[in-house]
Amino acid sequence: MISHWRTLFAFSLLLVIAGCTSNSAPVSNLKPTGFGSALVESSGGKQIGPTGMVLADPLVVQVNDEQGTAVAGALVEFSGPAGVSFDPPSGLTDSSGQLSTNVALGGMAGRYQFTARTSTKAGKSVELKIEEIAMGYQQQVGFQLDKKYCARCHNPESTPERVSNYDNLEVKPHPFVEGDTLNKMSDADLTAIISHGGPALGKSALMPPYGYTLSKTEIEGLIAYIRLISDPPYHAAGTVYAQK
Amino acid sequence: MVLGVAMEKLALQPSYQSSKPSLWHTLFGEPVRTFGVVSLLLLISLAIAPAKNHFSEWRHYQKKYLALIQNRGDALTLQRHFYQHDGIQQIWLPQLGVVDRCTTCHVGLKEASVGDVSTQPFRRHPAIPHTVDQFGCVMCHRGQGPATTVEEAHSSTLAWEQPILPARYVQSSCGQCHRAPLTGTPQLNLGRNLLSRYGCVHCHTIKLPDGSAMKPTDDPPSLEHIADKTTREWIYAWLKDPQAYAVTATMPNFKLSDPDARDISAFLIANSTPLPGDTEAVAETRAVAPDPAAGASLYGESFCASCHAVQNAAGNVVGGDVGPELTRVGNKVKPEWLRAWLRNPRVYDSGTAMPHYRFTDPQVSLLTGFLGSKTDSDLLANVHLDAATPEQIAHGKLLVTEYGCASCHEINGVKKPDNFAPELTRIGNKPLTQILFLPGMTHALPDYIAAKIRQPRSFGAALKMPQFSLAPAQIDALTTALLALTDHSQDLPRALTVPAKPVSNYHPAGKAGQLMSDLACFSCHAINGRGGDMAPDLTWEGSSVQRPWLLAFLKNPGTLRPALIRRMPRFNLSDSDAAELTDYIITVYQTPAFDRDSMSAGSYPPAQVEQGKQLFYSKYACQSCHIVDTKADKGYIGPTLTQVGSRLTAAWIYHYLRDPQTMRPGTIEPNRNMNDGDARALTAFLMTQKGSGKQEAKK
Chain A
1 MISHWRTLFA
11 FSLLLVIAGC
21 TSNSAPVSNL
31 KPTGFGSALV
41 ESSGGKQIGP
51 TGMVLADPLV
61 VQVNDEQGTA
71 VAGALVEFSG
81 PAGVSFDPPS
91 GLTDSSGQLS
101 TNVALGGMAG
111 RYQFTARTST
121 KAGKSVELKI
131 EEIAMGYQQQ
141 VGFQLDKKYC
151 ARCHNPESTP
161 ERVSNYDNLE
171 VKPHPFVEGD
181 TLNKMSDADL
191 TAIISHGGPA
201 LGKSALMPPY
211 GYTLSKTEIE
221 GLIAYIRLIS
231 DPPYHAAGTV
241 YAQK
Chain B
1001 MVLGVAMEKL
1011 ALQPSYQSSK
1021 PSLWHTLFGE
1031 PVRTFGVVSL
1041 LLLISLAIAP
1051 AKNHFSEWRH
1061 YQKKYLALIQ
1071 NRGDALTLQR
1081 HFYQHDGIQQ
1091 IWLPQLGVVD
1101 RCTTCHVGLK
1111 EASVGDVSTQ
1121 PFRRHPAIPH
1131 TVDQFGCVMC
1141 HRGQGPATTV
1151 EEAHSSTLAW
1161 EQPILPARYV
1171 QSSCGQCHRA
1181 PLTGTPQLNL
1191 GRNLLSRYGC
1201 VHCHTIKLPD
1211 GSAMKPTDDP
1221 PSLEHIADKT
1231 TREWIYAWLK
1241 DPQAYAVTAT
1251 MPNFKLSDPD
1261 ARDISAFLIA
1271 NSTPLPGDTE
1281 AVAETRAVAP
1291 DPAAGASLYG
1301 ESFCASCHAV
1311 QNAAGNVVGG
1321 DVGPELTRVG
1331 NKVKPEWLRA
1341 WLRNPRVYDS
1351 GTAMPHYRFT
1361 DPQVSLLTGF
1371 LGSKTDSDLL
1381 ANVHLDAATP
1391 EQIAHGKLLV
1401 TEYGCASCHE
1411 INGVKKPDNF
1421 APELTRIGNK
1431 PLTQILFLPG
1441 MTHALPDYIA
1451 AKIRQPRSFG
1461 AALKMPQFSL
1471 APAQIDALTT
1481 ALLALTDHSQ
1491 DLPRALTVPA
1501 KPVSNYHPAG
1511 KAGQLMSDLA
1521 CFSCHAINGR
1531 GGDMAPDLTW
1541 EGSSVQRPWL
1551 LAFLKNPGTL
1561 RPALIRRMPR
1571 FNLSDSDAAE
1581 LTDYIITVYQ
1591 TPAFDRDSMS
1601 AGSYPPAQVE
1611 QGKQLFYSKY
1621 ACQSCHIVDT
1631 KADKGYIGPT
1641 LTQVGSRLTA
1651 AWIYHYLRDP
1661 QTMRPGTIEP
1671 NRNMNDGDAR
1681 ALTAFLMTQK
1691 GSGKQEAKK
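These protein sequence lines are chains A and B, in that order.
With this note's numbering as the guide, the letters of the first sequence map in order to residues 1 to 244.
With this note's numbering as the guide, the letters of the second sequence map in order to residues 1001 to 1699.
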């Protein structure tokens, strides 16, 4: 009988223990040998990549001192919202004062803001905010379509592989990041202008209609992508729910 | 009742019997008390099961969900959906073997209106082309479908090997059914491309569901006549570190020791047989003073950069990736071999993607001088090899056999080994029990595959798999492509799979066919499903262009799209060869959709031409992408149309305007749903754009 009691007790204790899971934060055991007073982004910010995947270019940050000289051996730690991972999550800057980390974005499409942190000699924390954008399936479809059909006119910047047609157009198209204008247009407006061309909304005929070329899901993907990269960010005008 | 009686007895116990009764005595001192306590215990133990059910994780999540939606504007709808089937949810698809209870906790998965919720497990599923009811969850995300606890559903346990697939590899799941590239899965497409391009499938067999095997696309050179082409020193340096010679080289690093590299290079040189016509006697070389500027401009005019890359001073690799990188080619090839190669590459390699350019002797000398000057003095500076001994050569042959060099390269006297490396047809379901993990590694298949690609020899210094030079994104892409090779990918019902376009082995016939192989047309152009995608598909070129234009173009290709860097090179064709090709293309490559001569090439009423002009500039605004009037129009996307009336047939223009994607699959020209009258008027206007030789020359 006693053994039965013990079993029961042990069982309930197990249940309690199993219910409580703890996440211990990784503790960096690196000892900084240098201290800076400023943290700047060298490269790798404002990238766009698929959800959950490692961004194409590593994020590189640099630690500088008051004179703006690079500081080697300074400890930099990266932290971000749930789902974002860094490889490595912290490290010491190299001889040119830089630390490079590979960033994997979270599982949800959208903007991810995270922080790089270093501390001064006095122990004051210096922070740098960095933003990257993650694309879900729909946005990725849009991204591909943009590259193929839209970017040549809508992206003013030329690359070695693609000369931009932007400067050749009498009426300038809106770059897709131009949130000030595009955020004011509803999804229905964008669908109309993509499907039926500029004149559908009283705009230039230089924008041809793509309604017979792209499918409905492709146009939806394109709009999802435009909404994602818009700067300032786009906020859908949906129903506003009362919060408890 | 029984319990009540027992309790009564317990209460009536005289308190004087013992001042300190033991727990045992208190509970089991008397038979009646024993009976009561045992009954109580029985009752409690019977209550465990319902209590466990009541406090189960999934009920906890369902309660949290109800609390979350309580005060929302759409609460009524969401609650109605929820109470329609509360309790444990299940998606059962017998045909696919899917039993998924994920929606028990992931309650908002199918709710269109919870897009603003970002807390898991209540998020809406992002928009994808399939619904949860069609395929369930674990088909794409893996994990244990029937489980109803977080731990069992998502992690691998003793009884269940498949944890949730990390989001970074999720495109692999699309690849189980979809063999053809999809717009939405760039990572999977890249991974599959790399499996062929990096030659993984030379050693590892990957069988496709249709029974065929995946084919490599890297075309590693034959080493049968290697001594004609290069020196033993270069082979040594290349074997030691291929990427030191060319950063874009796909040849992996075998991490050879110095003596091993010495012996392999000794064997390859000793084993090479001379090929007649492969090298030109240096005496024959005409004395041409090296002229770097003229050589560089000939290199540019011949559009070598469309296929070959060169690393510039800033370290950027500029140029195409069809042929090998030429940054340090002067260190590699012998000048006499290069001369012969430039004269006619098909002598050394009959299947090469390089066209036979028909260069004149002075041109060959210019290019040889220019390419020969592309050297890096550091590359071979420290390579000093003594004459090879027979033992070294024999040892070299042994190493060549052991490392499976003949899996990729043709080598005299060494047979291509069969199944040199493990087959990867079902690698995406490899049981974890068959995998030896490294210490400290996550025990999951994706981590194993990625680690194996990243650093194969970390699993054992004696392993043969070499070290590839891959960027992290490429490793992820390869892992994704390999994870797609699951049991499902082989065993799913045919009706559910989307096969890739069948590979065509089309070969044009006759003399024109020989010419097209000689000029390597298929390296850039596709015809009838075979060929590259650098240049336009020529399947219906015969319906599209006018004979005089094509003949002149083949003799001296001008550009149709001024903004493009990659252009058709000039092959210095003879008149008879150009005529032969022109006739073949015009006669054979015709669409069955219409007759190329069904519409007039000239003589359109001026009113119709004028109407077409109006349509061109106003209604359809074609000038945003095309140029008709070089002074006014600036559109740089489509081809220049200044001489389109002497280039294209009227019938082609008309049918193309009506439905561009049918005429040229994949073209970005939008379908304008043009009516017949508009299309005819535009055709009339465009046919008047005959251009003129003088105007073209001025440009």
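Keep in mind that a hint or two might mislead.
Some chain A residues near chain B, calculated using beta-carbon distances under 10 Å [stated by the list, open to error]:
hint	residue
1	ILE48
2	GLY52
3	GLN67
4	ASN165
5	PRO199
6	LEU201
7	LEU206
Bear in mind the hints are in silico, worked out from the structure with no lab data behind them.
We put the beta carbon where it would ideally sit given N, CA and C, even for glycine.
Problem - Numbers of the earlier hints that this structure fails to satisfy, in rising order - result: 1, 3, 6
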